[in-house]
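Undergrad: With mature numbering (1 follows the signal peptide of the UniProt record, and there is no 0) applied, the sequence shown covers -23 to -1, 1 to 424.
A few of these clues could be false.
[What the hints assert, rightly or not] Under the rule of at most 35 Å between Cα atoms (straight-line distance), these lysine-lysine pairs were calculated in the DSBU-like manner:
hint, residue 1, residue 2
1, 98, 159
2, 159, 73
3, 179, 132
4, 73, 137
5, 137, 209
6, 135, 179
7, 57, 77
8, 159, 140
9, 16, 132
10, 73, 140
11, 29, 98
12, 132, 106
13, 135, 29
14, 98, 140
15, 132, 235
16, 98, 377
17, 202, 57
18, 77, 377
19, 250, 325
20, 135, 235
21, 16, 77
22, 209, 235
23, 250, 106
24, 106, 209
25, 77, 179
26, 235, 73
27, 73, 16
28, 312, 209
29, 159, 179
30, 231, 16
31, 325, 73
32, 57, 98
33, 29, 377
It is worth saying that the hints were derived from the structure and are not from the lab.
Just so it is clear, the structure is predicted and the values come from calculations on it, not from any experiment.
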Amino acid sequence: MLRIKTALPVLLSGAVLSAGAFAAPSVYPTGVTRYDPTKAFNQYVIFSGADKQTHLIDMNGNEVKTWPQAGFPSAIIDPKLVGGERGHVLLQLSEKDPGKLGSAGNGLGNQSIGELDWNGKVVWQWGDKAPGGAAQQHHDQRRLSNGNTVVLANKVHKVKGFKVPEVIDDAIYEVSPDGAVKWQWLASEHLNEFGFTAEQLKLVRASENPDYLHINNLSLVGPNKWFDAGDKRFNPDNLLIDSRNANFIAIIDKNSGKVVWRLGPNLPLSNPKTAQKLPRPVDQFVGQHDAHIIPAGLPGAGNVLVFDNQGSAGYPNVTLGLISGSRVLEIDPVKNEIVWQYSAVNSKQPGWAFYSSFISSARRLPNGNTLIDEGMNGRFFQVTASGENVWEYVSPYLGKAPGSDAISNWVYRALPVSYDWVPTGTPRSETAVNAPVVSVQQTNASR
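Can you build the whole structure from these sequences, using the hints too?
TA: Printed below as a string of structure tokens:
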């Protein structure tokens, strides 16, 4: 039998829960559970907790700043985009009645989004001037170098040929500082560009889920080597999206609105015999999140980084492995090859030890590490290129789970924040935290 000896972990929780509010949380430990300052990339991390507040933590899990608003997601803005001001953040500012189709994961209950300065002052907001009088933003918003903001939003309307009376469509708006919509795009107008077969299109239109695509990511392509080499599909002004429900990632040409690059929805199923071979052709991702081009200047620049949830999704649903888990994939978007990946196997664990069927994110760091948010478990960690876990944090902030009254510490997205993106003098700590010592002994048991 296996005998496992563990040392008690150090609890470094960034929050104190009222004893009268909850019983002891079932997630243990919380806070930072391991940290090697010599191997981790040292930075802050920003995220919105299940408590519907936005938290900025240091490497020891100390909360150095809190905003009393939720973010879906919350993100510190690059100071270069806001006149050098540090610590400005994009968030949701107010809610509205979501209506009969409103639910966790769409924007129908979102009245307005905005930019706050470090002290919480609203310096920009958008909602009343949005189409329909509400932002209805969900999953993403990004500040552009021209001062405008691109917003991923929902639009409820009737679309000919769909079974449901109204769809929850995905819209993208480019909004000027004064709130005017300067450019817009609507997913339902591009159904024939997403790679569906004729049979799949029938399934899409017959879906009883009005949120038929559930696009969960919007990012700017940004400067990249592919465009520099003459590939116009990767124009830095183009936009990259991914659809959770339909298993595709796509680049939208900003000028025409057409899809000019796409991966998925139909890819070969992962073969366990070659699942660790690199490079290899891209195999089937399922219910993925946070697809984006790795920015210039970072290791892997120009490749696509995506959190492959391996959550139920597709038209029809993709068959999943019995004991598989989630993956983070780095993909060469020209060769359509996986050139790096992370799964629990890379940390010498069974596949199911790393799994989030929904939400989650992954971001490349300047030293080559990758910051990963295993969202449904509220766990963030940094892995090296070889898969070594060199920093880990478990969110202690509890609230209702999406679509449920159950209590959870779920976190939609966790983002790295450079030290020089916040005001000078913001406190931080970089004290090593040793992981619990675990030893496994193999013994024979007689019966």
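Undergrad: Quick one: which hint numbers does this structure break? Sort them smallest to largest.
TA: The structure breaks hints 7, 9, 14, 21, 23, 27, 30 and 31; every other hint is satisfied.
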